[in-house]
Amino acid sequence: MTTPPATADDEVLRPGWGYASVTDKIAGLVLTRPVRWPWLAAFLGTLAGTIVYLGAMTYLFIKGVGIWGINIPVGWGFAIANFVWWVGIGHAGTFISAVLLLLRQKWRTSINRFAEAMTLFAAGMAGLFPILHLGRPWFAYWLAPYPDHMNLWPQWRSPLVWDVFAISTYLLVSALFWYLGMLPDLATLRDRAKTRGKQVTYGLLALGWRGESRHWARHETAYLLLAGLATPLVISVHSVVAMDFAIGNTPGFHSTIFPPYFVAGALFSGFAMVLTIAIPLRRVFDLKDFITEVHLDHAAKVLLATGSLVAYGYLVENFMAFFSGDRFEIAMTVDRWTGAYAPVYWLMMACNVLLPQVLWFRAARRNTVLLFALSIFINIGMWTERFTIVVQSTHHDFMPSAWGLFIPTRWDWIFLFGSISMFAWLFLAFIRLLPTISISEMRELVKEEHDERRPAARRRSPRSAEQGGPSGIA
Amino acid sequence: MPHPHPHHDDDANEHVIRVDRGAGVTRRQALAAMAASMALANTACSPPPKLQAHPYVNLPEARGGGLPLYYATAFVRDGFAMGVLVGTQEGRPIKIEGNAAHPSSLGATDVYAQASVLQLWDPDRSAVVKQRLARNAEARTSPQAAASTWSEFETAWRARAATRAQAPADATLRVLTGPLTSPTERALLAALLAREPDARWHVHAPLRDAAAVEGTQLAFGQVVTPLFHFDQARCVLALAADPFSDGPGAVHHAMDWSSARSSARDAADARPATLFAAEATPGLFGARADRRVALSPARIESLLWRIATQWMPDIDAPPADPALADFESRVVGALREAGGSALVIGGPGLSAEAHALVFQLNARLGAVGRTLTLIAPPDDASDAGTLAALVDDLNAGKVDTLLVLGANPAYDAPASFDMPHALSRAKLLVHAGLHVDETAALADWHLPLSHAYEQWSDALAHDGSASLLQPAISPLYDTRSAAELLALLADDTVRDGHSLVQRQWRTPHRDDFDAFWRRSLRDGVVADSAAPALTLHVHRARSRPSSLPGLVALFVPDAAAHDGAYANNGWLQELPRPFTKMTWDNAALLSPATAKRLGLETGDIAQVQVDARSIEAPVWVLAQQADDVVTLPVGCGRRRAGRVGNGVGFDAYALRPAGATTSAVTLRTTGRTHAFAVTQHEIDQHGRELLRTVAAGSALPKQETHAQLYPSFASPVHAWAMVIDLDACIGCNACTIACQAENNIPVVGKEQVAKGRDMHWIRIDRHDLDEIDNSAFQPVPCMHCEEAPCEVVCPVGATVHDSEGLNLQVYNRCVGTRFCSNNCPYKVRRFNFLQFSDETTETLKAQRNPDVTVRQRGVMEKCTYCVQRIARARQASERDGRPLVDGDVVTACQSACPTRAIRFGDKNDSKSDVVQARASQRHYAMLDELDTKPRTTYLARVKPTA
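Residue numbers (my numbering), protein chains in the order written: chain Z, 125 to 598; chain B, 329 to 1274.
In short, the hints are calculated from the structure, not lab data.
Treat the hints with caution; some may be incorrect.
As the list claims (entries may be wrong) - From the structure, some residues in chain B lie toward chain Z, with a derived Cβ separation under 10 Å:
1. D1093
2. L1097
3. E1119
4. F1159
Said to hold, decoys possible - What the simulated footprint calls covered on chain B by chain Z, stretch by stretch (three residues with Cβ under 8 Å from a Cβ of chain Z suffice, anywhere in the stretch; the number is not a length):
5. 992-1002
6. 1012-1025
7. 1138-1148
Where is the CB? At the ideal position from N, CA and C, for every residue including glycine.
Bound-form chain Z, shown alone (with noise of 0.2 Å):
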């Protein structure tokens, strides 16, 4: 009989830490840890946010898009910005999961939980706005291909199309790759749960999960293949809604670099919202020593790398508009820096490209508070940035008779911090309804982590090396 391993400090995970605790501590955020009144203000807050929600999509669906701020000649407004945005921050848990995975890199481990969890939700936060956004939501069905006896099929050529098989795809693998890592977490909770109720819904959700080895087996190995199908996804999803734009011949929109550039600003947005939500996580849920300051950084520095692409794409672009020498994009460039819309654009500059600058120095990496502050600006700027690109580019096009203003109505902003308000209720149930950090994963690093230690156990499986309660599920 051996000692169960514990942890000593290797960055991403504290020292001190044993199997048995490490399931303790996740899985009592879900199982024993009370009901306290932040989280509980908060959620009752979000739920409230999310009711408005949906009494304004109620709203919106009697009495038409007419509500919002969009006219001739933006025809799109906040609903398509916000669903880039949304698009763009579910970007960062499928990389998280499935690159960094097949990268083997360590620190996704306390992290890909719930950065899954967020890109869900962000998915379907994002997945909504293109419906919401139809001048008749209820002929959606339409846009997707299905026999019909008048043999009317969507046309191929128009992005939105591909949008659709795009975000229904990733929408699907994401929610399966989730799903399927958390299936040992769930008989973790199920076995440990104390009442019926909780005992049969996670039971039922862990599908007859018992911890064999061929259930391992098979469970790892149809993780990594949905590793390897979601890692083109993470590429294609924001391309081919960079496509979106692109396609189209007006200027702002009309620009090769799109898809590139559209994907580094996801896992720019992305990453920022994944600080977002784990530097609060880690300190209400004290789970400071899984999610430690190495996480940060490790994000930071994505952070830094994808905003140095964006940059790079700013540039490129205002670069390209006067390198074209084409007037119609010239004029749309100077009217970005200019014209109406102006402020949004350098807030868009300040916050996606001056301020991340501050991620070059370790100290800056390592303070929580500098890092969330940064994170929510990023989340501003990445949002600016899709309007700019939005509502800029369509209002100052080819006709200057045509041109005009779009101004946001309050039914605009209350479908953005409805849909951000619905996100944040989704995430703060995630919280206590399932594992908030992947136990099994965690356990595996624990074994790792004691393995590097003891070269000579690095073959045993930390499943069978565990003493303390049911082999693996406990």
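We have chain Z already, so just place chain B on it with the hints.
Showing chain B alone in chain Z's frame:
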């Protein structure tokens, strides 16, 4: 008289009565009671229609399939007729077309004629006779009135006649009308006045420029109406005048000018007429002029005197104005060169002496009899009193009964007349009109009049030609025509409009009346009825009158509401005013320099004061406006126009002095601002060459085409195309409103326009161009691109090409992503952001064109090249077994255009008009660098040569 409701239930009655026999009622008694109650019930019902309407027993083949049926009649505005064809579908008038045979139309229309069909279907039209409940002072101020009937009114009128016959009083009967040209109505009016010896007729024309009328009196010794012949003119000088929009002959002028210009433009030896304009406020003529200056009325008069002195050295010319030396010398040179082919026109704001001098100058140039002819005024009111005289008599208690017929003095009289008080002095005030308007609210009786398209009548054109008005639909409500009302009042033996008009015209055409009647009805104009030209001696000029110093207010009709009569017309209210592009408003126009001096900016609310009266009006600063002139459009600020027109804009009549179009004025800032709803925010085209100009006789550079990734659309049979001649367009908006009527385009209201959601399928862009030193207009409908950017991005294929090259919008398929609009470089697509089409108001539903889908909210729409007209022409050609020929398809915008600037046809037909136009060296495609290959293309505006 046959019983209208024959009953066949005698047996049943018998059965019922038998049961009651025990109660002592015999069967016969019961039947008698039954018959009596039936008869009583019938008398209580409304009477049967006055005229019989006969349905088809056998539907003629030609009338099958919902084809439109056109009635030649006339649209009457300010008393003058514009011959139109009222297009009806299933018996409902839905679209007005011009009548090529009519001198005021020449096949085209103005915006008012186009909008008149909406006036017919206006849900706020008065439908019932109304009588005030109490006859006392308090009741006068309260708008409470009770529904009554024509028979009650007739009874009351007869009672009045009886009392008056017994006891003749000092007070008399007065009739107040608007300008009246109808021979029938004038004859009936004369008959009515003849019944009461001291009865009198007064005419109130709120827009009539008294100085212009007096000017003809000064020049010729009698009041005459000048007619302008732009087709004969080689040089036209307009002084404060806008002959392309003012007056009943405006369409005629534009058409004459355009046809002369188009034939001269392409001829080697001829040169188009040069146009000069000196105007106080921008007008359509000024925008078309080769040289234009903006001057206050006083400076225009100085200019006139200086120019006139060249031909009349004995008049006292003011000192030269250095700023105008160039303009003056050009004008003098051009007038001298043109000689008898010159034409000088004076307009509102000038003094009577100036108008007289204009006629003298024309006479000296030799223009009178060539470019300018004189006729007796078709709306001659020399035997009628003025409104001022009526007000005096009212206040003096000399008026027993006042009949107001088709006028609204309570709204549009000068404020100094204090009309509400004056009207209250009449013992009996009877108002007859289309609406329960401001005057009706003060009247003892309000009588609903029939709309011009519901009645038999007649009216004269601007040149005196007579037209017969025939109904295109039987009256929607229990209304009577003015002629029928006058016949009722005069107790005529003939009461129905048809017989009244026939009686009027039977006298001069006794021999072949039936043929005359049919021919005149069919043609829409009485043959050879134009007024004969008068040959008159011109009197010598008088001295120059002193003019108003300082800031001058110029009262002009509003471009939409006109004198206020059209204020309740949503199409007109939402029509962007030609220069400001504002909708649902009027504004005090100021020049930039004057505005700066007064410390005012566009959108500021200013307190405008004339004498002791002041109103608050929003200011609009317009570069084309003359310094020291405040243009105040009248016709807005209606209080009882209806649900559309109430409270739109400010009421400038409240400031207008009696009998003048100008007055001294002061403006003060209030510190508050007003939000306008504007459709075009950017007037500068930023050097983008969207609206191109070309020097006379030279060619535009050739436009290159580029390689395409996608295969081109083929249009093997027909390839529809439109060419818009920017050199002909005067920016009158007739196309926009014709399109609105034809294509069921909804009115969205001021708030939605302000948000950028106006729905017009063809908009008129105005650009100020340095190269012509003037404004130019560019109608922009859908370009129907062969490589349409909208089609590529629609996810559901709701916008597609057809085999004839039309870019179609399939409303049923549209889900409303709006990507097509974002991707349209011309921004001609329009989206139903909300439920814009009125789905509830019954009369508005009846106006809709059944061949055009009424769009639901959430769908995109845009110009279709009037696909329904193309389909109709194709069906007709297939039915007749002949090919479609050029001219078979006429779009609504093309048909309405008073300068024939819009041409439409088949690009595959080498002889078609559009192919000729596309071969012009002025031809270009807008934004051709995008390679959209638009089917709608333009002919560049020719730069001025003078």
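Hint check:
For B/D1093, the interface hint holds, since its Cβ comes within 10 Å of a Cβ in chain Z; the closest pair sits about 4 Å apart. Here the hint on B/L1097 is broken, as its CB sits about 13 Å from the closest CB of chain Z, past 10 Å. About 8 Å separates the beta-carbon of B/E1119 from the nearest beta-carbon of chain Z, less than 10 Å, and the hint is met. Here the hint on B/F1159 is kept, as its CB sits about 6 Å from the closest CB of chain Z, short of 10 Å.
Restraint check on the region 992-1002 of chain B versus chain Z: 0 residues with Cβ-Cβ distances below 8 Å, three needed, restraint violated. Counting residues of the region 1012-1025 of chain B whose CB lies closer than 8 Å to any CB of chain Z gives 6, which reaches the minimum of 3, so the coverage claim holds. Evaluation of the coverage hint for the region 1138-1148 of chain B: fulfilled, as 7 residues show C-beta separations to chain Z shorter than 8 Å, against a requirement of three.
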